[in-house]
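Use these hints to put chain P onto chain F, whose structure you have.
What follows is each chain in one-letter form.
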Amino acid sequence: MSAGLSLRGLSKSYVPGKPVLRDISLDFAPEGVTAIIGPSGTGKSTLIRCINRLVEPTGGKVLLDGQDLVPLRGRALRLARRRIGMVFQEYNLVERLSVMENLLSGRLGYVPLWRAWLRKYPEADIARAFDLLDAVGLPEHATRRADALSGGQRQRVGIARALMQRPALLLADEPTSSLDPRTAVEVMELLTTLTRREQVPVIINIHNVELAKRYCGRIIGMHQGEVVFDGPPEALQASHLTLIYGGEGWQE
Amino acid sequence: MTRTAFAPNWTARGALLALALYCVFAVTQLDISWARVLTGFGEGGRFLARMWPPNFERWDTLVEGMLESIQIAVLSSVAGIILSLPLGLLAARNLSPAWVSAPTRGFIALCRSLHYVIVAILFVKAVGFGALAGVAALTVASMGFIAKLFAEAIEEISMKQVEAVRATGAGPFAVLLYGVLPQVASRFVGFCIYQLDSNLRNSTLVGIVGAGGIGGTLFAAFKRFDYDFVAAILLSIIALIFVAELVSGRVRKALQ
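Residue numbers (the numbering used here), protein chains in the order written: chain F, 1 to 252; chain P, 253 to 508.
There may be inaccurate statements among the hints.
To be verified - Here are the simulated lysine-lysine pairs, DSBU-like style, with alpha carbons at most 30 Å apart: (1) Lys377(P) <-> Lys412(P); (2) Lys120(F) <-> Lys475(P); (3) Lys505(P) <-> Lys377(P); (4) Lys412(P) <-> Lys505(P); (5) Lys18(F) <-> Lys412(P); (6) Lys18(F) <-> Lys61(F); (7) Lys213(F) <-> Lys412(P); (8) Lys412(P) <-> Lys61(F); (9) Lys400(P) <-> Lys475(P).
Hints listed in this document are in silico derivations from the structure and should not be mistaken for laboratory results.
In isolation and in its complexed conformation, chain F is listed as follows (with noise of 0.2 Å):
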């Protein structure tokens, strides 16, 4: 049994005949922010989503700490989704929700139902998701509901909910593509900070190819659902990058 997250032969086709990942074989180190980038539309969401299955495979294995993902159902499928925690690039908080019940619904893969619906968490959950709220700097907003938040607050907060599920991964799709320049680089700074405090590994979908190798450890460039590149960020280079979005005109 290995830990982190290996992929073996990973694919996906909406379409059939018209494939969006073709046969990826990755492994992840069960640490460490990994960056995927790539054109819009190459398929680094499917990939993404294909790992916690909120899109099926067509093809292939997700393996986490060992345990293939792809075959699961029902049960077996919520309890491998809990320990794996999701940050969107939209935020997707619960508009109507307070900004606490949105990050204790990151412990609904944990609790009883009746629990979730009287909100009698236990303490221990109430009073990590304090931690978290102080942690992502929202000490004072425990009791606002999300649609009051700005952009920024909400990712803040999007990233506490994924952490409340004390994930063994985690995954972020684009999480800082709705954000302002100065707020993404806020964004990712506290998603790679807290992770590594965490020790939780990341894969970040992201179209800064900047901030990917300012702040992530590996990156890998996906092209036409292939991966065709794949290493430190020192190792990118121009022709790479021409490689992964084609034509050279917008480099400079």
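Okay, now just chain P, sitting in the frame of chain F:
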């Protein structure tokens, strides 16, 4: 060359003309002549004169009927709301598979297809005279109304929020509690209040077909030509509906 800024809408003009022609045709078909209208209004005046002043002497019968109507309205609203919750969820095409949502939608359409007075007549024949038939008929009507609107509200929710809750490993009911219901709860409460409001109105009518409530009293008063008592009943109903309207308006405002 002249340029036209607005294209003439010949379809709309044609449709309006056709409607006007049909109205003229219908009036001639129904034998509504000017003389008929005048005699009609003359009779109406005499009828109104007999209604005045309203006679509240039999207030005990009146109160009894009104209370029964209110009870029918509340019971049928509560039952209809409880039943329409699962129906609405099952009928929403974004949450339920087609083989569940399609038959559920069919059932909801069936509940809505017959006017509640017809349903009330059916229930009177089936379970006998009295409030039970009224409660049953209005429950069916409420179910059809709320379940349909509820399903439509659910179909408009953001699936992103649902996806996020699902990604935490939440089970199906937890996803409903955290991902779906918060998005539709306030609208659902709004529908329920609206339905309670219209059930109050509807419950005054089902009595006419023998399904309990003030309607029965009203109908009996009509048959006995007790027009002053009729006026008393009508004024009471109007007062009830006004109060209900005020209260529900306040509540809905508070919800927004």
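Hint-by-hint comparison with the structure:
no.: 1; hint: Lys377(P) <-> Lys412(P); verdict: violated, 49 Å
no.: 2; hint: Lys120(F) <-> Lys475(P); verdict: violated, 60 Å
no.: 3; hint: Lys505(P) <-> Lys377(P); verdict: violated, 41 Å
no.: 4; hint: Lys412(P) <-> Lys505(P); verdict: holds, 28 Å
no.: 5; hint: Lys18(F) <-> Lys412(P); verdict: holds, 25 Å
no.: 6; hint: Lys18(F) <-> Lys61(F); verdict: holds, 19 Å
no.: 7; hint: Lys213(F) <-> Lys412(P); verdict: holds, 29 Å
no.: 8; hint: Lys412(P) <-> Lys61(F); verdict: holds, 26 Å
no.: 9; hint: Lys400(P) <-> Lys475(P); verdict: violated, 38 Å
Hints 1, 2, 3, 9 from the list above are not met by this structure, while the remaining hints are.
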